[in-house]
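Respectively, the protein sequence lines represent chains P and F. For any residue, its number in the numbering used here is found by taking its place in the first sequence, counting from 1, and adding 395. For any residue, its number in the numbering used here is found by taking its place in the second sequence, counting from 1, and adding 395.
Calculated directly from the structure, the hints in this document are not laboratory data. No experiment lies behind these values; they were computed from the predicted model shown. None of the hints are false.
Pairs count within a copy or across copies, as identical chains cannot be separated in the list.
EDC-like mimics (lysine to aspartate or glutamate), calculated; alpha carbons at most 20 Å apart, straight line: (1) Lys751 to Asp933; (2) Lys1025 to Asp850; (3) Lys601 to Asp1038; (4) Lys1041 to Glu1028; (5) Lys1041 to Glu603; (6) Lys691 to Glu748.
There are 2 protein chains.
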Amino acid sequence: MTNTITIVAFSMGVLSLLVAVYLYRWVVRQDAGTERAQEVAAWIRDGAQSYLRRLYSALTLVAVALGVVIAIVFSFDIEHIGLETVAVNPTKGLMMAVAFLGGAICSAAAGYMGMTVAVAANVRSATAAREGIRPAFKVAFYAGAVMGLAMVGLAVIGMSLIYMLTQDPEIILGFSFGASALALLAKAGGGIYTKAADIAADLVGKIEIGIPEDDPRNPAVVADNVGDNVGDVAGMGADIFDSYVASTVATMLLGQSLFSGELQFRYILFPLLLCTLGIAASLIGIQFVRVGRNGKPGTALNLGTVVTCLIFGGFAAAAVFLFDYNPGVLWATLTGLGTGVLIGFTSDYFTSEGYKPVNETARVSSSGAAINIITGFSYGLISIVPSILGIVAATLLSYYLAEMAGISGIYGVSISAVGMLSVSGMIVSSDAYGPIVDNARGIAEMAGMEQEVIDTTDVLDAAGNTAKAITKGFAISAAALTVLALFAAYAEVVGARGMELVISLREPLVIAGVLLGAVTPPFFGALTMLSVTHNAFDMIEEVRRQFRENPGILAGTETPDYARCVGLAAQGALSSLVLPAFLAVVLPLLVGFLLGPEALGGFLGGSIFTGVIFALLMANAGGMWDNAKKFIETGQYGGPGSDAHKAAVVGDTVGDPFKDTAGPSLNTLITVMSLVSSLFAPVIAAVHLF
Amino acid sequence: MTNTITIVAFSMGVLSLLVAVYLYRWVVRQDAGTERAQEVAAWIRDGAQSYLRRLYSALTLVAVALGVVIAIVFSFDIEHIGLETVAVNPTKGLMMAVAFLGGAICSAAAGYMGMTVAVAANVRSATAAREGIRPAFKVAFYAGAVMGLAMVGLAVIGMSLIYMLTQDPEIILGFSFGASALALLAKAGGGIYTKAADIAADLVGKIEIGIPEDDPRNPAVVADNVGDNVGDVAGMGADIFDSYVASTVATMLLGQSLFSGELQFRYILFPLLLCTLGIAASLIGIQFVRVGRNGKPGTALNLGTVVTCLIFGGFAAAAVFLFDYNPGVLWATLTGLGTGVLIGFTSDYFTSEGYKPVNETARVSSSGAAINIITGFSYGLISIVPSILGIVAATLLSYYLAEMAGISGIYGVSISAVGMLSVSGMIVSSDAYGPIVDNARGIAEMAGMEQEVIDTTDVLDAAGNTAKAITKGFAISAAALTVLALFAAYAEVVGARGMELVISLREPLVIAGVLLGAVTPPFFGALTMLSVTHNAFDMIEEVRRQFRENPGILAGTETPDYARCVGLAAQGALSSLVLPAFLAVVLPLLVGFLLGPEALGGFLGGSIFTGVIFALLMANAGGMWDNAKKFIETGQYGGPGSDAHKAAVVGDTVGDPFKDTAGPSLNTLITVMSLVSSLFAPVIAAVHLF
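Could you put the whole structure together from the sequences, leaning on the hints where they help?
Here it is, written out as structure tokens:
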């Protein structure tokens, strides 16, 4: 049976990829619109591609260097490190390094595909918007689906292939680490890029010069639109890709160490089976995402998510009974799935107009920016509570339901993470839709399309924001459960080396580890936010210089030097990555080798707790400020140009690096730190100072 | 010997109190100035006293009710609860309730004394400022010393008296809980009061009407100045009072459970001995705080702190060798003391002009409020790192130095907290100086004194801000170590009931507890901040109403109705306390009784981690924004009235509830939650659902 599962999983991955390619070809066949629109789109496309090429060529060096280190470290048979003779096993080292590079390449490829289709779809969706909401929505959503399906397809192909070849989940850990390391750099880099460009474009364009958003005379406008693609599309896709793989591999590792005999293979492969079913459910669910004649795009996206979840739940139930799995794993799967959806909709409450948090934040804006910030920040803190309650409920329920069914509770918690993430194909599809329609709106404006078209893209955009809020809540809670699973896997890996791991909060080394871990996510977030303002200042200087030295730009007679701003944003983002990346990889190793595996356990625990809290705070507060501003722009509390609006713009600008730079990187940060710890756990268990 | 220590401690407490009374009488004998100045001072005094009376009469009810609950619960001999026969021991219940009320009364009395002298000293310091810095500084500092000495005196009298009468540290736990519960309400209430009044006074006065700060025509100006007293004087004093008592009692409890035989009493009483020596050192150190002819008040305050620490270190060394204590406790004491001072000075780096964080935050302000907020918030996040490293170093050093000297490491950690706090008499004296000179400045302005006098009070005020920053860093790190000690004490108390407490991060119930605990401080902080804006809005309406209905006020021909604003602020603050207070007391009990003592251990751990992180973030970011604004007001980056200044004012207003409402309450919140858990630990160990 086990062979069957890997083969079916591999085939499903290939199918998912084929559908993605088919949809991609469909998207690029659509009308690319007027010459002017194509010109504008080409600027964005070229900027995005040149950034990704620069990013990937820089990362190639890092990845190869890390690959060599991994190859060397894992060529030693670590259980026998010490003063005894050291056994050498170069095959394992080589396999691990190849898996690592494979993970990085798959993650990069998913991001690249998603972005390629996004920069083709934006102009086509804008062009289709002339015909109405329906065709424009279709182009944007199918383009989003390319990203979603490519991502899950590549992930499942990679994992099942490695398992077929090596039968060793630890090698898949290398794959997962490669994927996450790349995701971290892609997300942090993209987040810094997009917000530095955004802030610079706004500050000089809107405030100093007084030209509207997306005005083609602004030299930073292309960089701003490129940023939406490299930050949101490539970023969020990489985020879910990395949780998706990490939760699966954590569960496979737990399956290996918690079960034995014939059961072992069955439970190692169960998470892969869930992924397969999730892809099947997503392929069906995507068909349900259609906007009727007067339909609303938001409803269509939500319907798709709900249908996919229901189908997946049915599939999972059928599989558990058909293949005679313990019913505990079904309860755990459904717990995870249900919690993910619930937490997603909770995020919606805190970030959508029509509910108290956004409305209150908008209302108090008439008393100035400070009150807007205090109120939004406070509601952001409160928004953490329901999500944490959801994570607590999912942890306890999946644990005890599994235990009551007679199966390991820890395995149940891990399965709940997989259950939550198995519908990622659909979730990412709705999410990637957001930046595409956001870009479509920008292109419609820059290419001077009719007001009617811009209105249509506005409607599409609003639905994208809701989808984005739901995905963020989903992504953060999924990451939390994934990291709890990785945490358990880490303890099991250390335990397998004959060392009983007691991560007790009564031990001073563990407390030291927790405190150090707890401070890492806020520190990391601060570094990325300071990079945003630092890079924004460089770009502000450049934009001012262009306006000053070339008065033809503002007169509209000359084209600004977009490429220079694009290059500046790319270079700034890349050089800002060095310290954060170093922290993510080196800090856990430092704690582990110096303070020992139990302190490292505490470190991981601490980083999860504050990582999740700051990620939720920043994502939700950012979304809240954004939508409070938009709510005022609909004419409330004085409407655009009022004092309330000016205050809300300040809140929105503060929220930008919160929600699009620091916040989203934190999930991946804690995943990378957990993965590097699990990967090096055997070495750390053998060699440490305390 | 044990009897000697309690008698010496008691006598030292009485001496401290007598010196406080002597200084108080000296302060009130000073010249109270012109009739106008006395009139202004009387408004502030009456407002502050009426608030405290309302607060205390409301709290009397709460305290008596809680006292009755405590009397009943502790009348049962809890070890035998269950299905067996229940032994009844009403004497213990009564003693516990009396100790609880005693703690609340001592804490209230220290706050009341501090505030009474502050509202007498402010006008006298302003009047003395006509003669120069020296006499004005002397009045303000000696008034601050009244607060500092009264506080440590009352604490030591209370603890030594209870120990003399009962020989049972658990009863002192009741005293500590009473002190902390009152401190939490005093601080949260005072913090909400002061910032609601401050924001309302600024928004209507400075921004809508355009009259200067502290203008007597502003109906909210008295409430604003009252707020400085009830928030800063009574608040910060209560904060350190509660850590001071809690760290001592935690160490006494650990001494009881970790030692036996003759050693037991010696180590139960060692923390009380340290307190005694700390008072002696403070009494001497206070003599060194003098401003020379051209001296700087900041230098004088710092010199006093350093001298007190050195003297205390010498005393502690002498006592350890004379009374033949294990040298490990000396290393732990000195580790704590050194770390406290170092962390205090680190806070100074992050919140003083002349260093990068404040200068950068000021510099970027010319690009608008949003960039100011992002930059200040980011540096605030970074400021957490050195303090946490200090706490980690203090924990590990005091643990391992104690272990190496052959004494319990946990006891060492607990002693390091006592060592840090033993010089509180001096620390609180410098701290209470701050709001007094701040008020002196306000009175000088409102009473129309000469510009020269206002300049002198400005110099005094700047030194107060630095002292305040140092105290805040000190208070937060001391609270962190205290709560770690309480955490250990909690585990020991549960352990003493025959239940081995394993607070392992591998247990789902513990993880659930940690997550719930971690989310409590940010939630609590958010509630207090939302109360600030809510109450500020009510007062804004009242101020607008007075200006509208009585045009004579703005013309300066009629006195505004100050009392109405004062009453509104008091009522708003009191009614905002209900939910936060409920959370602090009931949430730990709920977690304990429902999820069990191990989950409660996790809950306490989680609340410490995020409590300390958010407290540091809020205190430091708030101080940074405040001083960035002040730096611009010295003429940098365009000076007062420039765009940079407007942006910095937004940052300062956001920072106000951060640093004066939410941040300072979090220390006390985690102390109260740890105390209520330790107190009810035996009951929870006997009765819980999971």
